[in-house]
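Chains as they are written, first to last, in my numbering: chain A, -10 to 492; chain B, -10 to 492.
It should be emphasised that the hints constitute simulated quantities derived from the structure, not laboratory data.
These figures come from a predicted structure and were not determined experimentally.
In this text, a Cβ means the ideal position worked out from N, Cα and C, and glycines have one as well.
Mixed in with the good hints there might be a few duds.
[What the hints assert, rightly or not] Covered stretches of chain B (chain A as the covering partner; in silico rule of three or more C-beta atoms under 8 Å from a C-beta of chain A):
(1) -6 to 3
(2) 174 to 187
(3) 191 to 203
(4) 258 to 269
(5) 457 to 464
2 protein chains.
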Amino acid sequence: MCAQVIYDFSAEPGNNELTVREGETVTVLNQNVGGGWIEAQNSRGESGLVPEDYLQVSVCLFITDYTPKQCDDDDDGEWDEEWDDARSTGGYGETTGEEEGEATGRNTHTHMKISLNKFAFSKIPNPEVYLLAKLPPKGKDRLAIYMGDVGPVWLYPQSPLDCVVADPKKGSKMYGLKSYIEYQVTPNTTNRPVNHRYKHFDWLYERLLEKFGSAIPIPSLPDKQVTGRFEEEFIKMRMERLQGWMCRMCRHPVVSNSDVFQLFLTYRDEKEWKTGKRRAEKDECVGPMVFSTIDPEAPELDIIEVEQKCELFSRFTKEMDDGVKDLLNVGNIHWKRCTGPLRKEYQKIGKAFQNLSSVFNTSGYTGEATLTDALTAAGKTYEEISQIVAEQPRKDLHFLMETNNEYKGLLGCFPDTIGVHKAAIEKVREGDKMVAAGKITTQDKGTMAKRISIMCYSLQAEMNHFHSNRIYDYNRVMQLYLEEQIRFYETVRGGKRVGSIKW
Amino acid sequence: MCAQVIYDFSAEPGNNELTVREGETVTVLNQNVGGGWIEAQNSRGESGLVPEDYLQVSVCLFITDYTPKQCDDDDDGEWDEEWDDARSTGGYGETTGEEEGEATGRNTHTHMKISLNKFAFSKIPNPEVYLLAKLPPKGKDRLAIYMGDVGPVWLYPQSPLDCVVADPKKGSKMYGLKSYIEYQVTPNTTNRPVNHRYKHFDWLYERLLEKFGSAIPIPSLPDKQVTGRFEEEFIKMRMERLQGWMCRMCRHPVVSNSDVFQLFLTYRDEKEWKTGKRRAEKDECVGPMVFSTIDPEAPELDIIEVEQKCELFSRFTKEMDDGVKDLLNVGNIHWKRCTGPLRKEYQKIGKAFQNLSSVFNTSGYTGEATLTDALTAAGKTYEEISQIVAEQPRKDLHFLMETNNEYKGLLGCFPDTIGVHKAAIEKVREGDKMVAAGKITTQDKGTMAKRISIMCYSLQAEMNHFHSNRIYDYNRVMQLYLEEQIRFYETVRGGKRVGSIKW
């Protein structure tokens, strides 16, 4: 695999890092280093760590056209387990990439297909299909938008949906030649577990993206930032992140209420699953057409207002994306310092104290014990501090980083979602010209104005959903982070007293 | 000034350090960087910081023979103020060097003389003068050694001598062309202050070294590790270190009781000072002859026992010297990390939180205030932590480093002192051969055996003095250090709660 460098990165010398320049192409040596780092090699043969955010990983073995992918349970042979999990995030120069899949065991494969960065070949869906289309009669799947205290909001269910992803189990097929992991997913509505493999989650993601992507940013599945080197750790980490992804989907009133999502959570047997799948794959109300199911109970918005709101959301998500990446970046650096140089330095201080204690013990002078005990205790305390400092990131930074990573992924989807709206605004602005050219009627122009207003209500509802989730998530993560930090300083301080008590 | 590299040092990249190899010669750019670092430039023109312990600084302008230096108050012109303070420490590859002296003001000088590393030209005093000399009749200045619980000990005074060095005042002479600093020294015996310039301390050091150096390690004056860049800071630092040096001398029963030390502390007028000085400079009982004044009330020691003890002390002081230097080294590195990269990193984390808070503030969503306040508070707390972390070394490491620096200086004197004993053992071991060759009589041989036993009691008394002081000093410094460390973690933890209280 190779990667395109998307930002300049200057290596901190002595930290096994690699300086790279924007536009450079590097070879990926190890994508599973962890902590948000990738080991890469440049054209001069130098190798070292580069933050994964700075690289756009792609497959450089051979390039094939992107073929839409289906989850066909009867044709597992074509999509080899090790390669069917790759997913792109898109957005602001996001990292995309392949990664080692579920089956790292004795799975052998005779051929492989490579799923490429989808967004490299796709374009933002054309909103014209909705703006000018003759709409089908209103069906039952209407998406309601109400005016809440904060403005337009989706209709939220009385009791929120939730689910638990647990109990990963290894399965195999084709006489043990192919192995996979199956997760148990239990929704709080039925309380009845259903089993899903990663590829089913992936299929769900594809459906949600296709159906709602123009109106709702659908975050990609967590499959890139894999920090576990070993299979068990990997499975655990993936499960935790699938849980996080499912939670976020459950919390979304539109997504959680959709047929395809309900199917995924509540199918009762293989037959129901297969039938539901076929129906979902044949759904024609996808892409910008999803707006045709939206009914805002509010007056039509002026195009200028629409544009302003769109601009505001675009700017906010871009700026938040920058802020989140900045935090992830310093977080990564701090993580590395704590587990690397700082740990070693405290160890050295500890050793220096203990060495001095050993030397003092050889003095042959009486009445030395109190001092040498104290020096040894201080030395050991420093070695403990070294441990505590090195382990601390896993306790506090981890959750902060995971949440921000999740938001990085989510924010990476906004440009595409907002892009549909911007393209629609463009189209509506051309309305007069199009009428003059005889391409559309005056009535069409009126329809477009009405529909872009509907789109804008949808975007506002989605932004309000995003904001309320964001406030909830960041409140929670900051509280946990600060509590852990306090606990950290208390632990170290406590450790010190152990060293001091002997005085 | 240039410097010889005495140990390999690998620069930590990105920290403005310079990699140097043992034996290399570098140019000293700035000796007053502080924190135990010297800014140096290698022959390839690269420059950076090197720990001062790794360099042996010398003057490379021109080399003159070492001329014994006298403190002649009437001849200030010859020893220019800016250059008369340099002193060497000797010992295990000690840093020696010149430094900017007291008068950094408007002092101009037309010529300068350079005092060189004395030990580069001196040899260890020949103990033969004592071992074989016909001794003068026993005078009144006898040095008593008793058998204490820990073995041979010096006779300690009932109430220990102490003094306060304070109130540095700038004086000038030669119509203001030359300026100097005068310190007030007040002993607890007379409680009457006397005034001394640095050069007088230096004169005292020279006398003590000359008189007692063979039996007692006399630490050099604190004039090398000058961390203050500004005159006031420099004067304050020098005063504190002169105070430390005087305290150590006061605590020594032999030194504190000597005529020359008493003269320094208690002279009543210029005449008494000058008369006393002349007498001290004419003292003939110096070097190894000091052993002739020692009266141990104990049975004669076997040469094998003498040699074993000498070896033990030699090994102990060498190993402690290594341990102390190791601690100073990691201490320096830690100091630099706290005030450098760590400070910056906490600042960046603080800024990242605050940036995110600013972005969130632009959301236009209501009910954001609690979160943005908390993020801002967390960000500010991190900036405070950055400050606390950067200032911490001055609070705790400082005293630990100062004490260890003092011991580094003291331990650096042991090789010379122990060297006299080793040379004497060598001489006594040759006794039979010398008798056979007719160089000495059998009676002489007996005298030598008796005298080396006396020397050994003296060395034991001195080692016991060293050990008891060492235990006292290190107990004290460790306690203070750990207390400050606890206070540090409590402060940071307290700071956190400020950030958290808003939740």
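Checklist entry - Which numbered hints turn out to be false for this structure? => result 2, 3 and 4
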